[in-house]
Each structure stands twice: as C-alpha cells, then as structure tokens.
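Asker: Spelled out from the first residue to the last, the chains are:
Protein chains: 2
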Amino acid sequence: MEGHFESTAAVRDIVIGLSDGLTVPFALAAGLSGALASSRIVVLAGLAEIAAGSIAMGLGGYLAARGDSEHYAAEKRREELEIVERTRDEEEEIYEIFQKYSVPRSNAAPVLEALKQNPSAWVDFMMRFELGLEEPEPNRAHRSALTIALAYVAGGMIPLAPYMLVVDIKQALLLSIIITLMALAIFGAIKGKIVGTGWLRNAIQTVLIGGVAAGAAYLLARLLEPHA
Amino acid sequence: MEGHFESTAAVRDIVIGLSDGLTVPFALAAGLSGALASSRIVVLAGLAEIAAGSIAMGLGGYLAARGDSEHYAAEKRREELEIVERTRDEEEEIYEIFQKYSVPRSNAAPVLEALKQNPSAWVDFMMRFELGLEEPEPNRAHRSALTIALAYVAGGMIPLAPYMLVVDIKQALLLSIIITLMALAIFGAIKGKIVGTGWLRNAIQTVLIGGVAAGAAYLLARLLEPHA
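Order-wise, the sequence lines are chains A and B. Going by the numbering used here, the first sequence opens with residue 8, and the numbers climb by one from there. Going by the numbering used here, the second sequence opens with residue 8, and the numbers climb by one from there.
Bear in mind the hints are in silico, worked out from the structure with no lab data behind them. Some hints could be false.
Stated by the list, open to error - With a straight-line Cα cutoff of 30 Å, these simulated DSS-like cross-link-like pairs (lysine-lysine) come out:
hint: 1; chain 1: A; residue 1: K83; chain 2: A; residue 2: K107
hint: 2; chain 1: B; residue 1: K83; chain 2: A; residue 2: K200
hint: 3; chain 1: B; residue 1: K107; chain 2: A; residue 2: K83
hint: 4; chain 1: B; residue 1: K123; chain 2: A; residue 2: K123
hint: 5; chain 1: B; residue 1: K200; chain 2: A; residue 2: K83
hint: 6; chain 1: B; residue 1: K107; chain 2: B; residue 2: K123
Chain A extracted, bound-state conformation (with noise of 0.2 Å):
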C-alpha cells in the first residue's frame, strides 16, 4: 500500500514534467524555426526554455509540497488544541458532518464517544472528515521537484534533438513533429492507462495540446518575422 502510493506520486510527478517538457519547448522550437533561418538560435532559445522551465516548476513543485506539509501539521496542532479546549464545538462539528449525509445526532453519538476515547484517532478524523486534509507523504518535496524537473528536461531534448543533429532547419523541423507528436501518443496513451481514462482518448488529447501549441507558436512567429 505504501509503497503504492509512493510509486502513484512519483508517477504523477513524471506525468506533470513530461507533459509541459515534450509540449512547450516542441511547440518554441517550432515557433522560432518558422521565422529564422538557422537551428543555432532555435537550440539556444529551446535549452534556455527547458532550463527555465524545469527550473520554475521543479522549485515550484518543491514549494509547493512543502506548503502543503507546513499546512496539514500546523492545522494538526490546531484541531490538537481545538479537542481539547473548545471540546464542545468539535463534538458539535462531528454531528454536523454526519448531518451532511442525513445521519441523525442519535445515531452520530457512538461514533463521536469512541472517537473521544482516543484523541489522536479523533484529530485524524478531523483531519480528513472536516478538513479533507490527507497527510502528506515526509520528504516528499525534494523527491517531487527532482522528479519534475529532470522529467521536464528529458521530455524537452526530443523535439530539441533534431535541431542539433540536422543541419537543415526545415528538415530538422519536420523530424522534430514527428518524433514528439509520437512521443506524446505514447506519453499519452500510458498515461490514460495508468489514470483509467482510456489509452486511445489520452493520446489523442496530448497530442492535440502539443500540435495547437506549435501550430499557434509558428504562426505567431510567421506573423512577426512574414521575411524568414
């Protein structure tokens, strides 16, 4: 069970690098080589994307799961006082999320003498009945913002690949939409596996976000550079 849950965060944390990794640094790529006339600039702009992007959502992705541990252990401490110094309130808090569903008081009070005779079991109900607060895992965050951001960074080499390896920028373009169109139907398709939404629909989807974003990113930059 544990080990899980761990293997479904880590998975998540992939999914979150590589979606945004294979599809803005494709689709800038893209954009730049409508309107200029050399890969130099287009690997130049796409490696300092995929250093920036990486970079803002690893440490953003760390932030924020610390945020979210900082806030389930400081609202631990307040239902920790709130039980034992505004008891009546929190016993009446327990009848009002079994009201919710239609559970009378009568028939509330049992669980609510069993939840007070042990307090820590009764704080943790508290935690994810009142507050739907789930414990977050410790440690999580340095893992979290690893995970993103090299994910992101291995999901930005394949579109930037081609234009490092071949010379001519409209061929380099061309292999470019080839090889991440196919490795966001892949990325897709095991994603709608793994989430239980259907591998065909997921594929599809990824690969539309990443050819709408392209596709306005190269116009975009015709419209500006209309000489290349």
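Following the hints, put chain B in place on chain A, whose structure we already have.
Answerer: Same frame as chain A, now just chain B:
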C-alpha cells in the same frame, strides 16, 4: 459559500497561470539577452513561448478539470450500483472506514443504519470518505482553462515589455529584471496573504524561483554563445 468557493477556484487558476507566466518568459528572455545582440529575437522567442505555454497550460488545465469531472461521475455510478448489488461489501467498507479511527463496529452500526435509510446520502458518504473525492464544480473546465491561459499571457507580457520598448538590449534586460522581480514579489506577497502562509516568505520564494530560473537560463546561454 458558493461565491467563496468559486472565487477561490478562480484565484487558484490565476495563481497557476501568473506564476509560470511571470517566471518562464522572464527567464527565457533574460537568458537569450545574454547571448544575442538584438532584442528582436528575444521578443520573438518570448512571444512564441507565451503562446506555447499559455495553450499548453490552458488546454492541459481544461482536460485535467474535465477528466476530474468524468472520473467523479464514473466512480459515483459505480458506487450507486455497488450499494445495490454488493450491499454487504459496501456495509463492510463503512466499518473499515471507521476502524481506521479506532471506532468499533458496534459504535459505527447506527451510522450505517441511518445511511441505509437514504441511499443517495450513502453514495455521497462513500464518495467522500471511502474514495476521498469532492464533487467538481460544473463547467469549471472551460473557465479554468481560459483563466489560466489569460493569466499566463498577462504574466508573460510584463518581462517582455521592456524588450519591445527599449532599443538597447542590456538596458531592456535590466529593466525587465527590475519590473519582473517587483511583480513576482507583489504576486508572491498577495498569494501568501490569501493562502495564509505569510506574505514576506512567499514574496521571497517567488522572487527566488524567478531569479534562479533566469540566472540558470542566462548562464546556459552565455556558455553556448560565449562570444556574444
């Protein structure tokens, strides 16, 4: 309550779009300005990145929100079937939920009795307390997508504006750094106020992310184009 929830969701979308929109185009433009002699390509790359990033985040947000809605609806249908077809198993699951909080079967039984009187409340209870799912707001997907994308564009135009208005690229870079770090500080402070994690600390964090991302992109671009 309803108004409060909706504004929270919109604020969250604006925060998502603004934080990446302020950071990534800023870092990309700063990075390229270290390696290129003219602002023209910095602006071109920045605008292409804004197009790509806003579409990737907006469409991505749209599909994620729609996926959440569909996932909720599918799980709800499954629970509705299960309380009819596998009533005993579902009853057992109620006991298991309470067991996690050291509530004995005998104390949980009256709650189960009450839920059985009201099947739709029973389903809602399972959705929230077995599966941990909250009902997504209807039509959230479209609004979410548009809000995230527009916030990304608005955020991205701040760091790019100096490169459009100031001819000298070094001056444009300096101006972009000043106004973007100020915007990041203000944005972080407001975010910290809203989330309640401290305005100063959040202001420092968002400035740090933007600064590190821009610094890394700048160094990378200088390494790749040392003679610029």
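Asker: Taken at face value, is the distance from the CA of A/K83 to the CA of B/K107 at most 30 Å?
Answerer: 17 Å, holds
Asker: Keeping to a limit of 30 Å between CA atoms, is the pair of B/K107 and B/K123 held or broken?
Answerer: 21 Å, holds
Asker: Is B/K83 within 30 Å of A/K200, Cα to Cα?
Answerer: 20 Å, holds
Asker: Does the structure keep B/K200 and A/K83 at a Cα separation of 30 Å or less?
Answerer: This hinted pair holds, its Cα atoms lying about 20 Å apart.
Asker: Would the pair A/K83 and A/K107 pass a check requiring their Cα atoms to be no farther apart than 30 Å?
Answerer: Holds - the C-alpha atoms of A/K107 and A/K83 are around 23 Å apart, at most 30 Å.
Asker: Next pair to validate is B/K123 with A/K123; report whether the Cα-Cα distance is within 30 Å.
Answerer: It holds: about 25 Å lies between the C-alpha atoms, which stays within 30 Å.
When the structure is compared with the earlier hints, no violation turns up for any of them.
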